[in-house]
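Chemist: Residue strings, one per chain:
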Amino acid sequence: MTTQERIERSYEPGAYAAQARGWIETNLTDALRTDRATQEASLAEKIAFEAAQHEAGLVGITWPVEYGGHGLGLREHLEANREIGLSPMPNAVNSIGKELAGPIIMTVGRDDQKRDLLPKILKMENIWCQGFSEPGAGSDLVALRTRAEKTADGWKVNGQKIWTSGASKSQYCLLLARTGSADDRHKGLMLFAVPMESPGIDVREIVSIDGARSFCEVFFNNVMVAEENMLGAPDEGWAAASRVLSIERATNRMYRSWRFESEIDHLVAACRSDNRTYQILKGYSAEIAQARIAVENLKGHVETMVADLLNGQQIGPRGSLPKLYWSEAHQRWAQMAYEVTTRFPLDGGQALTDARARFETIYLASRAETIYAGTTEIQLDIISKRILNLKKAA
Amino acid sequence: MDFDLDPKEFEDTARAVMEACAEAAPPARARLLAEAGLIGVAAPETIGGLGLPLDFAVPVVAAAGEGLLGFPLMEAMLVARALAEFDAAEAEAVITGETTVTIAWQGVAEDGVVGAAPMGETVDRVVIFRADGSAVLARIGATIAPRRGATLDIETPEARFVLTGQLDGIELSVDAVETLCSDAMVLRSAFVRGSAEKCLALAVEYAQDRSQFGKPLSANQVIRHRLSRDKLATETMRNALARALTEVPGGDVHLAREACWLATARAGIAVAESAIQVFGGMGFTWEVPLHRHLRQMRTQAQAGGVAEKTEALGQRLIGASTNAWYGEIANVV
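Chains as they are written, first to last, in the UniProt record's numbering: chain A, 1 to 394; chain B, 1 to 333.
Any given hint could be a false lead.
[As the list claims (entries may be wrong)] Chain B stretches covered by chain A per the calculated footprint, using a threshold of three residues with CB under 8 Å from any CB of chain A: (1) 199 to 212; (2) 224 to 234.
[What the hints assert, rightly or not] Distance condition first, Cα-Cα at most 30 Å in a straight line; then the derived BS3-like pairs of lysine-lysine: (3) A/K150 - A/K169; (4) A/K114 - A/K46; (5) A/K169 - A/K46; (6) A/K385 - B/K309; (7) A/K46 - A/K123; (8) A/K156 - A/K114; (9) A/K46 - A/K187; (10) A/K391 - B/K309; (11) A/K392 - B/K215; (12) A/K391 - B/K8; (13) A/K150 - A/K187; (14) A/K114 - B/K215; (15) A/K150 - A/K120; (16) A/K156 - A/K120; (17) A/K385 - A/K187; (18) A/K156 - A/K187; (19) A/K123 - A/K187; (20) B/K309 - A/K282.
[As the list claims (entries may be wrong)] To give an idea of the chain A side of the interface with chain B (calculated C-beta under 7 Å), a few residues: (21) T107; (22) D111; (23) A269; (24) S273; (25) I280; (26) G300; (27) L324; (28) G348; (29) A351; (30) T353; (31) R356; (32) A394.
Hints are computed from structural coordinates only; laboratory data are not their basis. Backbone N, C-alpha and C fix where the C-beta goes; we use that ideal spot for every residue, glycine too.
All chains should be modelled from the sequences, with the hints used to inform the complete structure.
Modeler: This is how it looks when you write it as structure tokens:
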């Protein structure tokens, strides 16, 4: 998705979606479905499923063929994501690899890095995590203190990262560290591809509000990183990361609005499986309408961004608009879905049991959505400063 | 379809015409709009229109909302488009501004009274809906008498019509009315977007000019974030409108139009109310035009049936389950 200049091949609307849908219907097992309360696929099964998705053309769609991708355009990417969203497929294990590390490597990496690292992301040989945030540098990311010190044997890294999603199952960390002092702020920041098996890395899982153990703390104690694992020149990596972040904010998990739509469909269907619950649902028709309207609006944001990228336009600060929109709309929806599915105390059958479990998790997990990937407050700051250009002094 | 023209090019023209209209007396506005070709932008060339898709009407109607145009432009555009296949001469008269028209958006002929007709007191003809989904473009006169009711909008005051006799006029088929109402959701959204963007622009300007406690209002995070949310609202309108005008594979244009209008209607009102708050004491004066925007947007929301359409959408969504992944569990009720 980083390459707007990619040549558009002949494109037949709808054909790619049909192909994707057919594959999902055949390969999404009950154990993998996220709308089943009782069955949970193992990490190994999810990884295998994700690798198979790549082979089937659902992943790596816009990446160049020489780096393991399918060499197609954003339109195909959007079509496949629509089908991914409408199905109860699990979220990607390696979304940091595919949607953040990959595009950054493609922008600033050396050719040998691209040839080595990129195909392994798509084949699920390397899962990536993102070592950006620190205990003292969350929203204010450039306050980060993790140091990379140049030595005769390469770079010696010391510091601590936090909120590193999936670090405990990752093979690589996209590390942002500084080569100077913390006062340098934007200067002297360096990006590295750090193998997670390197001596001196200690990962501790953080249990989050929904009981998940996805977020981690990562400690770097005298971790030696080879010179060749630098991504881009000093400062260049960070500049590229900022650009990529703005695109990613707008386009990552492109299936999101369709997943949101399928959650509404799931709730309605589950409530329709039991007359008593259906009566309860009828009292929420206005909220259901508002949720669906939000889904359509979100599709509007996503489709506009895709059209703009295809026209070679920059997304820049506008990436904040869909992030702000989806996170708040999804929270409102999640709260309502939880409320509906938990109002009936009796056993309503398996469909309701499944829905209740799913929406309780979604409700709790959604509390993080207005915090991660740039808090609501940060998005509002970006809009006021960089879109509205509001002045702070006379 | 490929056109050499870009809808955006109509924006500047439309704005200039709206400014001229603001200084003209109401009867002259039809002529000014017609001369610039704006009423017939999206009407077929056979009746004197420009034959462009609805996309091109969007910036024109948005400029009308922004410029507080005192003329039922959206209604004239819709009627001209609908009339083309039933009465070409009358359609042409609408496009040239010779005949002025409005639409009674609320009620059906069978009720004996219809309402929410912008400028119903001063135009020549009115479209009246029937219970079977068809409509009639009728001449206003003794048996179709306009009455000024309570009207919040002061730009195009609403009237209602008491129907005391036979309803004669040009018949519009059920299909034509369906298209007209679908297109109305797009144009109404455009109108509200223009109005809301103007409110936001005024608030952004005021927040940076007005100084309190030694700094502009815009230095305060609470104001900055409020305006950022309003910006999100107007950008959401823009993107939803683009979506409402595009066929995408697997997409549902009707739902896209409905969602666009329902979201835009509510958000537009909220942006105007927010701008009034930013203006402080000046915000609730007659002099500052924000109340005029609020009035016209509230009126649009009512005429466009936001409450009932939202309710109907909700009922439709819970009344069926169409996602194939969930079909098997949804067949109990």
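Chemist: All hints are to be evaluated individually against the structure, with a verdict given for each.
Modeler: Hints and how they fare:
With 4 residues carrying a beta carbon less than 8 Å from a beta carbon of chain A, the segment 199 to 212 of chain B meets the three-residue requirement, and the given coverage holds. Closer than 8 Å: that is the beta-carbon criterion, and the segment 224 to 234 of chain B has 7 residues meeting it against chain A, so the requirement of 3 holds. For the hint pairing A/K150 with A/K169, the CA-to-CA distance comes to about 28 Å; that is within 30 Å, so the pair holds. Annotation: proposed proximity of A/K114 to A/K46 holds, straight-line Cα distance about 25 Å (limit 30 Å).
A C-alpha spacing of about 12 Å is found between A/K169 and A/K46, which places the hinted pair at or below 30 Å, so the restraint holds. Taken as a hint, the A/K385 and B/K309 pair is broken in the structure, with Cα atoms around 37 Å apart against an allowance of 30 Å. Between A/K46 and A/K123, the direct Cα distance comes to roughly 13 Å. Compliance with the 30 Å bound is thereby established for this hinted pair. Distance hint between A/K156 and A/K114 is fulfilled; the C-alpha atoms sit about 24 Å from each other, no more than 30 Å.
For the proposed pair A/K46 and A/K187, the alpha carbon gap of about 39 Å is over 30 Å, so the pair is violated. At most 30 Å may separate the alpha-carbon atoms for a hinted pair to count; A/K391 and B/K309 exceed this at roughly 40 Å. Between A/K392 and B/K215, the direct Cα distance comes to roughly 8 Å. Compliance with the 30 Å bound is thereby established for this hinted pair. Only pairs whose Cα atoms come within 30 Å are accepted, and A/K391 paired with B/K8 is accepted, the gap being roughly 29 Å.
Our distance criterion of 30 Å between C-alpha atoms is met by A/K150 and A/K187, whose separation comes to about 16 Å. Between A/K114 and B/K215, the direct Cα distance comes to roughly 50 Å. Violation of the 30 Å bound is thereby established for this hinted pair. Taking the CA atoms of A/K150 and A/K120, the gap is near 28 Å; set against the 30 Å cutoff, the hint holds. Distance check on the hinted pair: A/K156 and A/K120 sit about 26 Å apart at the alpha-carbon level, within 30 Å; holds.
Proximity of A/K385 to A/K187 is assessed by CA-CA distance (about 21 Å); at most 30 Å being required, the pair is judged to hold. Restraint check for A/K156 and A/K187: the C-alpha separation of about 19 Å stays at or below 30 Å, so the hint holds. With a C-alpha separation of about 35 Å, the suggested pair A/K123 and A/K187 falls outside the 30 Å cut-off, and the hint is violated. About 16 Å separates the Cα atoms of B/K309 and A/K282, which keeps this hinted pair within 30 Å; it holds.
Restraint check, A/T107 versus chain B: the minimum CB separation of about 26 Å is more than 7 Å; hint violated. Taken as an interface hint, A/D111 does not check out: its beta carbon lies about 36 Å from the nearest beta carbon of chain B, beyond 7 Å. Taking 7 Å as the C-beta cut-off, the interface hint given for A/A269 holds, the closest approach to chain B being about 3 Å. Here the hint on A/S273 is kept, as its CB sits about 5 Å from the closest CB of chain B, short of 7 Å.
Violation of the interface hint for A/I280 is found here, the shortest Cβ-Cβ separation to chain B being roughly 11 Å, above the 7 Å cut-off. Annotation: interface hint on A/G300 holds; nearest CB of chain B at approximately 4 Å, less than 7 Å. With its C-beta approaching chain B no nearer than about 6 Å, A/L324 sits inside the 7 Å limit, and its interface hint holds. Checking A/G348 against chain B by beta carbon gives a least distance of about 10 Å; that is not within 7 Å, so the hint is violated.
Hint on A/A351 holds. Least Cβ distance to chain B is approximately 4 Å, under the 7 Å limit. The beta carbon of A/T353 comes no nearer than 11 Å to any beta carbon in chain B, farther than 7 Å, and the hint placing it at the interface is violated. Using the Cβ-Cβ criterion of 7 Å, the hint placing A/R356 at the interface with chain B is not satisfied: the shortest such distance is roughly 13 Å. With 7 Å as the threshold, the beta carbon of A/A394 comes within range of chain B, its nearest partner Cβ sitting at about 6 Å, so the hint holds.
In this structure, the earlier hints numbered 6, 9, 10, 14, 19, 21, 22, 25, 28, 30 and 31 are contradicted, and the remaining ones agree with it.
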